[in-house]
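First to last, the sequence lines map onto chains A and B. Take the first sequence: its letter number 225 is residue 225 in the working numbering, and every next letter is one higher. Take the second sequence: its letter number 151 is residue 449 in the working numbering, and every next letter is one higher.
The set of hints was computed from the structure by calculation and includes no laboratory data. Beta carbons: idealized from backbone N, C-alpha and C, even for Gly. Among the hints, erroneous ones may be present.
[Stated by the list, open to error] Derived pair list, reagent style DSS-like, types lysine-lysine, alpha-carbon separation capped at 25 Å:
no., chain 1, residue 1, chain 2, residue 2
1, A, Lys-293, B, Lys-591
2, A, Lys-96, A, Lys-83
3, A, Lys-52, A, Lys-83
4, A, Lys-280, A, Lys-83
5, A, Lys-297, B, Lys-445
6, B, Lys-591, A, Lys-147
7, B, Lys-595, B, Lys-445
8, B, Lys-314, B, Lys-578
9, A, Lys-297, B, Lys-578
10, B, Lys-314, B, Lys-394
11, A, Lys-96, A, Lys-297
12, A, Lys-52, A, Lys-293
13, A, Lys-167, B, Lys-445
14, B, Lys-465, A, Lys-147
15, B, Lys-578, B, Lys-445
16, B, Lys-595, A, Lys-147
[Unchecked claim] According to the in silico footprint, chain A covers these stretches of chain B (three or more CB under 8 Å from chain A):
no., stretch
17, 458-467
18, 504-511
Protein chains: 2
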Amino acid sequence: MTTNPLFGAMEGGGTKFVCAVGSGPDEIVEEVRFPTTTPGETLDRAIAYFQKYDLSAIGLASFGPVDLNTASPTYGSITTTPKLGWAGTEVVAPFKSAFDIPMAFELDVNAAAFGEYSWVPENRRPETLVYITIGTGIGAGIIINGKLIHGLTHPEAGHMRLPHNLKADPFPGNCPFHGDCFEGMANGPALARRWGMPAETLPDNHPAWELEATYIAYAVVNVILTLSPQRIVLGGGVMEHQSLFPSIRGKVRDLLNGYIASSVFSGMMEEYIVPPALGKRSGVLGAMAMAKKLVEKG
Amino acid sequence: MTTNPLFGAMEGGGTKFVCAVGSGPDEIVEEVRFPTTTPGETLDRAIAYFQKYDLSAIGLASFGPVDLNTASPTYGSITTTPKLGWAGTEVVAPFKSAFDIPMAFELDVNAAAFGEYSWVPENRRPETLVYITIGTGIGAGIIINGKLIHGLTHPEAGHMRLPHNLKADPFPGNCPFHGDCFEGMANGPALARRWGMPAETLPDNHPAWELEATYIAYAVVNVILTLSPQRIVLGGGVMEHQSLFPSIRGKVRDLLNGYIASSVFSGMMEEYIVPPALGKRSGVLGAMAMAKKLVEKG
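Turn these sequences into a full structure, and let the hints steer you where they fit.
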């Protein structure tokens, strides 16, 4: 039994929802997963789950795009998702009706970034961290000076434009908005469509991985040059192909070509470009960290 | 005569130094410019100039790359510049010896970003702003939640990788580190070399400007997608060609293709992608804002 305050944490994805109650990664009381069905049914199920506990705060993370502007009338909702029935869904509102406790709301990849930032010992915590998820979609959560950045909306770095050598790779990209942007060239479906087989069945020695590492390295280099982050976490389904890591690190070093004067780039970058320390649980544990922060702030 | 505290501000460039004393953009007591010669001579001249005044604080901005890490033994110095005699120059140290007042130090483009952020009425001040200078070099200063970002070193967004259609533009780029990165494709010398004439002599209807706007738009789009900034200021010598602005704005809208749900992108973006409000004085006035902030903090 724990004596610490209990927090609720939800990571709402397009396929499944993960909900957890606990005080931190090592003090999880219960964790449940259930499929994403209709908004009403799915959110009700999450609410009913949390109602079993005496919680101090709840952190909610959702697939996006979401409205994070607290001054907006649609704050706390999913905006323009193509997922059937979910466009315009109010995520925070039904929780507000059910609970009278502090509540935080974030985009899923932002929560994952916050999880990777929060649940490490303070002496190893970078003030500037980028979490990039590469799976069915590509997105980035960015922590600057310990805070998630929102700006106008929230970052959409998955859609940045990268070099595309059409001779070497005639695949036109599959982003419905931008064609051959980063996501259009490097998400899971792009891998599958380019090579005619699901990404997870591509063998280790398939040229797909070399090309995949190239696009990811371009994106990582642009992120390094723009933000000068102290750690880059690469997560998501595609990154479960572990051999991508050394390949990406090597290409990043080659592309930077010694330009950035930091000792980080002299070694193998094994502590700079890293898999998620929390594995697949960065999102839900990030939501828990968001809840914890609300209570700590007072 | 002003009764406000007086601040010293220096913008050290590769060609010239600008020094000013005053309390703000509308309360400048004196401003001087002199050529950049040897480090000793140039910095002594700036120090002698400031010694004429009773200053409350000094803001120093310098061409880079510079060491901004206050915990580093080389903090306050220029690091690896190719400019003859200036590599390793300590900028802050001689000022520290001459004055016993608070002192701030920044990269020139960071100071320019801070100037564009600071000297606007509070109700029109964006919390997230990017200043990109496009001239002999290309660089970016980034303000997030009212603070300049440093990270590992400082942003070097001028060197990000962008799409390069070799058929349409066979110019290989002139960056000694990266070839066809943003700076290699779009700085002033790239314009001159690609078209065989200095940028400032290229007529308005020359195809050079359309291509230039394309590269700048790619970079601006990547910055928007990564940071979601509330304002983007484009300065530097190349941007004095004013017709670039409408062209860049149009291309940015086309490239984003409606992806970002913000009213900013529905109009002409005339208040979103803007020339510097402070003209060529963003840097020196940014240095003044840095000095002012030191005193306000206590």
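Hints versus structure:
{"no.": "1", "hint": "Lys-293/A <-> Lys-591/B", "verdict": "violated (29 Å)"}
{"no.": "2", "hint": "Lys-96/A <-> Lys-83/A", "verdict": "holds (24 Å)"}
{"no.": "3", "hint": "Lys-52/A <-> Lys-83/A", "verdict": "violated (30 Å)"}
{"no.": "4", "hint": "Lys-280/A <-> Lys-83/A", "verdict": "holds (22 Å)"}
{"no.": "5", "hint": "Lys-297/A <-> Lys-445/B", "verdict": "holds (21 Å)"}
{"no.": "6", "hint": "Lys-591/B <-> Lys-147/A", "verdict": "holds (21 Å)"}
{"no.": "7", "hint": "Lys-595/B <-> Lys-445/B", "verdict": "holds (14 Å)"}
{"no.": "8", "hint": "Lys-314/B <-> Lys-578/B", "verdict": "holds (13 Å)"}
{"no.": "9", "hint": "Lys-297/A <-> Lys-578/B", "verdict": "violated (42 Å)"}
{"no.": "10", "hint": "Lys-314/B <-> Lys-394/B", "verdict": "holds (22 Å)"}
{"no.": "11", "hint": "Lys-96/A <-> Lys-297/A", "verdict": "holds (19 Å)"}
{"no.": "12", "hint": "Lys-52/A <-> Lys-293/A", "verdict": "holds (22 Å)"}
{"no.": "13", "hint": "Lys-167/A <-> Lys-445/B", "verdict": "violated (43 Å)"}
{"no.": "14", "hint": "Lys-465/B <-> Lys-147/A", "verdict": "violated (43 Å)"}
{"no.": "15", "hint": "Lys-578/B <-> Lys-445/B", "verdict": "holds (22 Å)"}
{"no.": "16", "hint": "Lys-595/B <-> Lys-147/A", "verdict": "holds (21 Å)"}
{"no.": "17", "hint": "458-467", "verdict": "holds (count 5)"}
{"no.": "18", "hint": "504-511", "verdict": "violated (count 0)"}
When the structure is compared with the earlier hints, violations turn up for hints 1, 3, 9, 13, 14, 18 and for no others.
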